[in-house]
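Protein chains in written order, with our numbering: chain S, 18 to 351; chain W, 18 to 351.
Simulated from the structure, these hints should not be mistaken for laboratory data.
A few of these clues could be false.
As the list claims (entries may be wrong) - On the chain W side, residues computed to face chain S include the following (Cβ under 8 Å):
{"id": "1", "residue": "L226"}
{"id": "2", "residue": "L229"}
{"id": "3", "residue": "L304"}
{"id": "4", "residue": "A326"}
Nothing here was measured: the structure is a model prediction, and the numbers come from that model.
The beta carbon of each residue, even a glycine, is placed where N, CA and C say it ideally should be.
Protein chains: 2
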Amino acid sequence: LRRRTLSIEEMERGVRENNRTVLGQAITLVESNAWKHQEKAQELIQRLLPHTGTSIRIGITGVPGAGKSTFIEAFGTMLCEMGHRVAVLAVDPSSTLTGGSILGDKTRMEQLIQQPNAFVRPSPSGGALGGVNRRTRETMLLCEAAGYDVILVETVGVGQSEGMVRDMVDFFLLLSLTGAGDELQGMKRGILELADAILINKADGENKLRALQTVSLYGQMSHLFQPATDGWDVYVGICSALYKEGLREFWNIIRQFSELTRASGAFGKRRNAQKRDWLYASIREQLELRFFSNPLMKEQLPLVEQNVAAGHQTVTSAVMRLMKQYEAGKVQDS
Amino acid sequence: LRRRTLSIEEMERGVRENNRTVLGQAITLVESNAWKHQEKAQELIQRLLPHTGTSIRIGITGVPGAGKSTFIEAFGTMLCEMGHRVAVLAVDPSSTLTGGSILGDKTRMEQLIQQPNAFVRPSPSGGALGGVNRRTRETMLLCEAAGYDVILVETVGVGQSEGMVRDMVDFFLLLSLTGAGDELQGMKRGILELADAILINKADGENKLRALQTVSLYGQMSHLFQPATDGWDVYVGICSALYKEGLREFWNIIRQFSELTRASGAFGKRRNAQKRDWLYASIREQLELRFFSNPLMKEQLPLVEQNVAAGHQTVTSAVMRLMKQYEAGKVQDS
């Protein structure tokens, strides 16, 4: 039996009823770069907008090996058993090159995907880098409209994805290991200052003492940084995702965070700022996308780069000339 | 006697001969936003390009109160006395709002400006925020063509100016005080990871012991960060700009840095990358400047912001509509 294409009305109803097949199809629509899919996706989201914004959005990062998958599986399963509805998304800009690396293998979350209250969506394996931001944000909205009240967004601890995810979530967790110094070497600069919590994972057996020492080290350092969230001191603690220890304590931290920041107004303030920042980021993205995908610019840029590098042309005059060519081309196109 | 307008040839000669009046006029030309000044400035820089790139470019940041002016005055004067030619520039994006705050009062550098080998240029007190980057880089080129072999670029320790300055200098100094933790609270995130050196200033009298303790604290922390420059461990030391202590030692550090990174190739690699990054940053800046200064967009944006904030419209569909209006307007204009 072939799937037939659903109408917008059918999709709207399906998402609202948390039909996971329909939710999956709606996300595929959002992920598509095809123009007609885009239009349909926007109309769908438009209709669902009143039912969005209802979850707590949690970003999770950490270097490969920190145990992110095991943590998300254990933490997500626990939340489902507590009665929550949990959606797990992944942001991986590198997947456009590697063909999808995180959550790509659904079998890694065997236990979680069997939960009726869980929805696990691997990162799409292709598409434009610039689209990752939009796709993830709009997928979050769809999941919220489907009734998921906890959204976990996984990201790899390298590159530019952390800042992007920080800008779309309420709470940001850095999953770390003992021997923090060595481990952080490979991480993005300033990552510590994005985090609302740092959990030292794999704090079990012989490793537990070292984990507690790492907590103390991070604790000493944390006063050197501005807090990521106004009025919230970064929480530093331990857990063992493998032995399911420290997970309930961590959920209590998130609940405290939520209560405190909602009461102070910081929660809503950030959400509003995020929406506004997304608008402006999206404008910039479109301006650049149009410029850098313009055939004439694609042809000219390598030459200009060479000229500037060799000292044959000043940067400013090179850019002024490019802009003239670009705008003349635009007019000609139309 | 009114100054007459110099020809490009006269300016070129004047700058090359380090006529400081002509150099000042050339910088004023670069700082101007008027189109005909821009064209002339670009032609001048184009002619001078073969004589640029010859200095060591040093960025200096620190919160207000860290003693940046006193430090630059003492350090610059020492370098002049050693036979160097020292240009001091300031980057202060906030000056567009405050009317110029750093180096604005030339009398703060009384001693230095009396040195025949020094050139002190306050930050311009107006102009577009986006122009700060271009103006400072091009002013550096002019100073190099005039024979200055040490360029000090002062910036305030807040906002976005540090990253901008880091991207245009070879060496970046964070001037700090004792009690680093408290002091850093007010600083930009990730500032520590931009620095090639951290100097604890005002390390004199009773404060010296505390300064050494702060050095030790920074030293422990520094291994937690990626170095700002490949193959160079951040230097942490003390100085007293007031009593002119630690300045010669600091200059030796810069010389070591220069030798080491030139030998490893890191120096030239950064300079090339900076030129390329400037090209792309300048393109992005122009794209945004043109979009956000477009009268139709200026009129539409506040309405769109409201619609998006109120949940009446999705970000993506709002941006798509704006882009259509923008490009239709462009075609109509021509």
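**Prompt:** Looking back at the numbered hints, which does the structure fail to meet, lowest number first?
**Reply:** 1, 2
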